[in-house]
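Given two chains presented individually in distinct reference frames, assemble the corresponding complex, making use of the accompanying hints.
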Amino acid sequence: MNHQIRALIHEYRSTITDEWLKEVEKFRGENYLQTISDTVYQNTNREFVDMLFRTLDREEEDVKASISEYTDRLIQLGWPLNYITRGLQEFRKATVDTLIKKEEGRALEFYQEIEDWTDEIVNILVSHYSGTWENTFFLQKMALKELSAPLIPVFNNISVMPLIGTIDTERAKQIMENLLTGVIEHRSQVVLIDITGVPVVDTMVAHHIIQASEAVRLVGAKCILVGIRPEIAQTIVNLGIDLGKFPTKSSLKKGIEAALEMTSRQIVEIDE
Amino acid sequence: MRIPILKLHDYLLISVQVDLDDQTALQFQEDVLNKIHQEGSKGVVIDLTSVDMIDSFIAKVLGDVVDMSNLMGAKVVLTGIQPAVAITLIDMGIVLDEVPTALDLEQGLERLQHELEG
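In order, the protein sequences belong to chains A and B.
Quick note on our numbering: the first sequence kicks off at 1 and runs consecutively.
Quick note on our numbering: the second sequence kicks off at 1 and runs consecutively.
Keep in mind that the hints are not guaranteed to be accurate.
[To be verified] Every beta carbon over 10 Å from chain A, so not counted as near; a handful from chain B, in silico:
hint, residue
1, V18
2, D21
3, Q23
4, Q27
5, Q38
6, E39
7, S50
8, L78
9, Q82
10, V85
11, L89
12, T101
13, L103
[As the list claims (entries may be wrong)] Computed Cβ-Cβ distance ranges for the label pairs, DEER-style:
hint, chain 1, residue 1, chain 2, residue 2, range
14, A, K254, B, E115, 25 to 31 Å
15, B, N34, A, M204, 32 to 38 Å
16, B, N34, A, V268, 21 to 27 Å
17, A, F155, B, L8, 29 to 35 Å
Just so you know, these hints were derived from the structure itself, not from any lab.
We put the CB at the ideal spot given by N, CA and C, even for glycine.
Extracted from the complex, chain B is given alone in its bound form (with noise of 0.2 Å):
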């Protein structure tokens, strides 16, 4: 299973619409890099509308995940993570603390504007 990154611009956007194992992480890790190198993309914007689940591994993979594209010179934004997520990594202590969030897709695009223009 294999998620789908699309390209818009200098953006790359990926929705994540099932829920993450940890294989499928490791392999959106790999393509998610492969994809911003390929492109030379400034942004990502990864939308969880659709995740219910985040167990404490998965949130490790997406910390990585954005200090990496941070590493390779892109701004990660999350959005649309849900409260019962949000509620879920506090209880077991997993901030995610260098990593910028947005309500939703429009946001995070619009967020991702502002860092990088500013």
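In isolation and in its complexed conformation, chain A is listed as follows (with noise of 0.2 Å):
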């Protein structure tokens, strides 16, 4: 950046703060930063302003690692990324307004260095914002991954595959993955899937569900759906979907009872 800006901001640097200060405490209450202590709130303010003065004189990488580690405590404390954004927004206006009084005529010049300054740290405060939603986002999904589809084996060649929350493309491929290895694994002739736990069947669940128990056909065993409730029964008659080919139970036990049935077994009572 120019020498000669440079020198102006940091001796206005007082008034532009004070301006700062003014415009960002308009939109407070807007952001969920009601809960922070009038305390906190200006000591963050103060510092955000301080690392904004310092990155004028440093080098790139020395501004860079600055903010991201500012930036870090911020993500911490839960600061909105808004609120950050809006202020940087507010901080720009404040130093180009600022400089324009003291110095009329090279607005232009004021606006375009101080424009460059303030996007570079809008790149890294919003990169590494997202970084961190990503990575959220990447372990939830591993989680959800983890809990997704087990098959458990519950009698000799029968297997229960229970699924809960909604299905996906992806979790369905994740879903007959495990069914179809399962079933070879345990050397299940029926399986029954059990969607109790899933709270819309809609056209592409159905799809899927149906796909995956051909497939188990396929390798050789046989599919039963297990757990339809009443409202998914009328989901699925009203959407067309056509379930014929396969059995279907309303509960588990009614399941388990066919899948017996189907193995020439029974579960008899015995008399003392």
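Below, the structure written as structure tokens:
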């Protein structure tokens, strides 16, 4: 940045800061920052401004490091990104306004220089924030995957796969893989797919379930769809989905009875 | 390359141990039908445990073999289809609707016996 402008900014530092604090105070209430105490709020604001001024004199690498460090702290405190970006916008306005008031006639030059300076900071901030989000998102996805689709052998040749939560394409793929490898591993002849925990069964979910059961048939086992709640039955019929090809039962209990029948067994009570 | 067809009492046992190409598949179709005619077999088990890949043509040939054998009075069971193969077939939209399947050779024979008796 131009030496002259840098010097000017340093000179009017306190005016800019006061202007800026006035502006940000206006939209404090819009964000979720009411719960934060005044001291913490003011300290963080001060720190923010100080950091911005410090970046003026530094080399690019240093700037990146110090902003990254500061951003990490903000993320931990849970400051919303839109507050920070808006704060930066106000800061830019405040700086430009102050400089123009003091030195008229060089407006465009000021504007360009300061624009370049703040844009770089915005970029670092946003990429840092979104990086953290992606990270969180990834971890949650992993957790979901781990909880996804277990196949539980309950009797010889009979296994159950309870499904809980919404089914999307990726999960459906995993369900199918687990189902098929599990069938072979446990030598299951009948697999019960329990959809009690699936909140919505639309055409796509039904399609995935039909595909899975057909694949199960190809590897040499049979599928029974169990846990069909009344509202699910209604949606399936209203959507015109044909589940006629494989047996369905209302509860897991009935499904297991049917599965035992298919493998020529039954549960009998013992007479004492 | 010809696929060996073994006779066991009333049944024919076929274990496919190589990836089928089009020529082999057609040869295999002919061999099975001739063998059924020759031996008067009642059931056929085709074991696909060692097959890693089935394309649409092979799937069609297998489906045809099942239909043709049924016409000649022999029931066919496909056994040991691998998960990966099953997923590929389903993705390609090939469901092999009318074809009976079983997990392995043992269960395949049981199933044949069951169907022929019942």
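Each hint, compared with the structure:
no.: 1; hint: V18; verdict: holds, 20 Å
no.: 2; hint: D21; verdict: holds, 21 Å
no.: 3; hint: Q23; verdict: holds, 25 Å
no.: 4; hint: Q27; verdict: holds, 24 Å
no.: 5; hint: Q38; verdict: holds, 28 Å
no.: 6; hint: E39; verdict: holds, 25 Å
no.: 7; hint: S50; verdict: holds, 14 Å
no.: 8; hint: L78; verdict: violated, 8 Å
no.: 9; hint: Q82; verdict: violated, 7 Å
no.: 10; hint: V85; verdict: violated, 8 Å
no.: 11; hint: L89; verdict: violated, 6 Å
no.: 12; hint: T101; verdict: violated, 4 Å
no.: 13; hint: L103; verdict: violated, 4 Å
no.: 14; hint: A:K254 - B:E115: 25 to 31 Å; verdict: holds, 26 Å
no.: 15; hint: B:N34 - A:M204: 32 to 38 Å; verdict: violated, 46 Å
no.: 16; hint: B:N34 - A:V268: 21 to 27 Å; verdict: violated, 49 Å
no.: 17; hint: A:F155 - B:L8: 29 to 35 Å; verdict: holds, 30 Å
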